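One-letter residues, chain by chain:
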Amino acid sequence: MAALRQAGHLTVAGAAKRFGAATVLDDLSIAVAKGEFVSLLGPSGCGKTTLLRCIAGLLRPDSGRITVAGRDITTLPAHKRNVGVVFQNYALFPHLTVAENIGFGLRAQGIRPAEAAPRIAEALALVRMSEHAGKPVTALSGGQQQRVAVARALVVRPSLLLLDEPFSALDRKLRETMQVELKHLLREVGITAIFVTHDQEEALVVSDRIAVMNAGRIEQLADPATLYGRPASLYVLDFVGQSTRLAGRVSAGGGGLVSVETALGPVRAPGAFAPGSRVVVAVRPEAVTPGAASPAEGLNRIEARVREVSFLGSRTQLHLDLPEEGEDRGVVELARLPEGIGPGSPVTLSFREEDTMLFPAA
Amino acid sequence: MERLGLGIAWTALIIVILFLLLPILVVIPVSFTEATVFRFPPEGFSLQWYQKIRNVDGLLGALWLSAQIAALATGLSLLLGTLCAIALVRGAVPGAAAITTFMVSPLMLPGLVLGIAFLQAMREVGLRDAWWSLLLAHVVITMPFVMRTVLGSLAMFDFAMVDAARTLGCSYPVALWRVLVPNILPGFVSGALFAFIASFDNYPVSMFLVDVRTKTLPIQLLNYLEISPDPTLAAVSTGLIGLTVLVLILCDRLVGLRRMASI
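Chains as they are written, first to last, in our numbering: chain Z, 1 to 362; chain A, 1 to 263.
So here's chain A without its partners, still in its complex pose (with noise of 0.2 Å):
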């Protein structure tokens, strides 16, 4: 029974692991098609689609918004996230756990109903550019991934090194800095990481937000897709993946990804 119990348990992660891998997969070849639809195995071989990029109309211009913002957004929630956090985990706040509920909550929540409101709150308060708007809800979306890899990174650290810090002649902001941060920035670069992604390809929140001239990259690229569906979205997320690969790479020379993993 034993056998059985576990030959299902095996079949079922190597099916679930070719699920998650053929879409990617797929991509990839047919980003290099000669083909002019969307279309699978590949037709010869060409870099046309990769070269057509720069000639849509607003690709560029959302990638580089969508970058900016993920990573405005991301730094931002990685410094108030690790304030509120150390305040949580030290400064004896009433009802800490339950504002830690809260503050991780938005994870929980429905993008869309998180889309309605900031459009709703956006233009209560007379804010109309889509730019800040979109920086303000994308913190809100980016904050609760580094408060939960953070306060599991402060969860293990002992405070008393801060304390240590200080009697050696660092002020309590310095402490933090030469103690904490590199004792848990492992926790930051995955916190930061998943937030960065989170914001980067954050659909519905930020349709209710972009205007005519700022879109998104997901809403740029969701768009061209109905105008024309061609393999051009392949070569952008070939690009995409790419780069994930390289960041991977990057923070497990870094801090190690079994480290980040662990938190």
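If we strip away everything but chain Z, and leave its shape as in the complex, we get (with noise of 0.2 Å):
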């Protein structure tokens, strides 16, 4: 897989494109395995979609270069690159049928109908759509419109799937169904697919790796498990998932763990700074766990007021109340509601050295 990785299927070396004053890629490198799965997850304004077009070849990069499976496709125009595409409103042609949308880049590809039908019926049967053939595409449901997008996009045999936030024109029910639907189907047909979107549960659900973007760079590439549980920066922490995080100052170092002194009391928790340092304290929402626990090695404890409670079904969310606005934030997720805690109880919380997350202070 490493190998495989390093080679790249799809590459991009260096990318950087400006519109006018504002640069959207900035020197940007990434590199994609066969068969891989990849998430490129930021706000809008990134340049996630950009990045796509670029990959696509709706645009071109003012420099940097651009493979797929070792060939050069920088400057190739995008009805030769057979990248295929979903676009966020699937963009179906309304004047034709399913199967005439289905069919439309084997037509382009001068491919003749009598070769064409039978892969238009297995694209058809492949998404489970074949007994709605003869539709318009107009009279279809969202679900069933984005399973045409990724059947037209598919039936070409294209080296590379791009998805341009393919789930957001669909409902949130319909959208988790279609997240789990989607990702299996495209791991069946073992295509390589690179996913945009904002949303980080759909980029968590997904992707194999997940590249976080921020203006125009890769902040961090890494599979949902070490992004969530490692960000590699305050911006990762707050994009992806949500986090309790408390402003502080190192006291003492040394043996990787260092202890800093916050507003709730002092932590300690993994890490490389020297006393003095101003950082930010963060952990996970699931990493604590509420009640005076005994004291006991690895533990760090706080004392906290309960500022508002959120019933979430198969968890609740208690929100802090924090000494200070700016960096410091309160949000922990529990499983069950201890008695006796609601808005304005005080309540002790403990968690573990070891998933407690130290990051420079902005």
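The set of hints was computed from the structure by calculation and includes no laboratory data. Please note that a few of the clues may not be correct.
What the hints assert, rightly or not - Simulated restraints, written as ranges between beta carbons of each label pair:
(1) A:97 / Z:75: 29 to 39 Å
(2) A:94 / Z:229: 43 to 53 Å
(3) Z:342 / A:97: 55 to 65 Å
(4) A:99 / Z:75: 27 to 37 Å
(5) Z:138 / A:97: 30 to 40 Å
Stated by the list, open to error - Stretches of chain Z that chain A covers, calculated by requiring three or more beta carbons in the stretch to come under 8 Å of a beta carbon on chain A:
(6) 51-61
(7) 101-108
Predicted model only: the values in this text are computed from it and were never measured. From the three backbone atoms N, C-alpha and C, an ideal C-beta is built for every residue, glycine too.
Given two chains presented individually in distinct reference frames, assemble the corresponding complex, making use of the accompanying hints.
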């Protein structure tokens, strides 16, 4: 896997793109292995859609190189790249039927109708749309339209599939079903896929690896568990999942563990910071347990006051009253709300030192 | 009060409809009259005025010229106008809004002004041929009609479809032809229809550009009216009304009048 990744089915090397004064891609590089699902995750304006359009050939980067399967495609026009794209609102052709939409690419490539028909039928079956073949696409539901868009992109056997916010047009419930369904389908086809999304939950569900993007650069590229458990920066921590965080100052270092003074008490965490450095202490909501656990080695304890309680069904969120605004933010998730805890009540929280993360203060 | 107001509006509507339709409805029976003058109600029934169309000097030639100019000018406007509209909508053209207004502005200019301007301009560049002068001027006359409807259709068109066609193996021009053209067809058809009619019955611009041998239908008709005001003109008009109805039916079959009217 590591060797494959190094070779890279898709590689982007040093891509840059400017629109006027704005730098949208800033010397960006990424390598994606064959069959891998990678998400480009970031807020709007971070350059993720621009990167996707550069890979598809709909935009040309100002500098840098793009290769697919070892072939340099940087200057190849979109229609010669054989890169499939599922567009945000699917961009189905309303003047054609479902089957004609799927057959569009085959026809454009000059494949004879007799040869195209079985491939269209196969693609229809793949996305379970065979019985809708003759319908106009305007008569389909959102989920069905997405399946047609996927089939239309896959039927030409692209070397790569790009998906631009493919679930954003669907309502929440359907979105969750389609995420799993599409991931399974693409895995079966064995295609390499790049998802563009601003939804961190979606990225966690569909990807083998996630590239968190910020201002035209990749902030961190890692598998979902690493990204969530060991975010490389405050930006990534902020973008993926929730956390409790406190501003603090390092009081002592050594032994791989540093001690930090915070407004809610001292905590210890793994890291390498010089005494006196200003840091942000962060812990994921589910790593926190309530109650005055018996003092033990390797456990941090803080005292706080509950501001608000949100019941979310499978879990309950406590929003903590924190002394300072700014970096401080307190969200704790519990499987069950302990008795006697409500808005305004004091609470003792403990979490393991190894679950505690330290970042340099911005 | 509401009833009264609505009643007035209703009455106005009926009067206006009658006013719009009556002249057209009068012309049809008059064309079948036996009398030699333009008079309503018609006397008897005959087809002599239809037969006479062929014998009137220059009438059929003028009809053919007008049809030629209108068809060619409309076709050129469709091609050029669509390309211009795409550039204005997609090309990040500086001052696109101002240019758009400018390109539909001949709609608001009096034809006389345009005609004099053309006469002057053609003389300056030394273009003396009436046919070419008429064609050029009529491209300018028809362009705003095409621009208006095509811009309207493009505003509702999702250009991601063109991108989709490109990633599926179509070059940019082919993608426009296979995806953009069929989807803005109603805009094309209604734009073309208005443009054709605007060219076909244009008088004020054409009258500066025609010569003795090259006369468009409206000019030839008016000339004829001055010499012998007989019901031949009613016969020609009835023929044109029939043609218009036929074209509208064809358009309805092709793209639907409702879709065309909504643009």
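Verify this for me: three or more residues of the region 51-61 of chain Z with a beta carbon less than 8 Å from a beta carbon of chain A.
holds (count 3)
Claimed coverage, the region 101-108 of chain Z by chain A - three or more beta carbons nearer than 8 Å
Check passed, 3 qualifying residues.
Taking the Cβ atom of residue 97 of chain A and the Cβ atom of residue 75 of chain Z, is their distance within the range 29 to 39 Å?
With Cβ atoms ~34 Å apart, the hint holds.
Hint check for residue 97 of chain A and residue 138 of chain Z - Cβ pair distance inside 30 to 40 Å
holds (31 Å)
Is 43 to 53 Å right for how far apart the beta carbons of residue 94 of chain A and residue 229 of chain Z are?
holds (50 Å)
Assuming the hint says 27 to 37 Å, is it satisfied by the Cβ distance from residue 99 of chain A to residue 75 of chain Z or not?
holds (32 Å)
Assessment of proposed distance window 55 to 65 Å (beta carbons of residue 342 of chain Z, residue 97 of chain A)
Holds: the Cβ-Cβ distance is about 58 Å, inside 55 to 65 Å.
Checked against the numbered hints given earlier, the structure satisfies every one of them.
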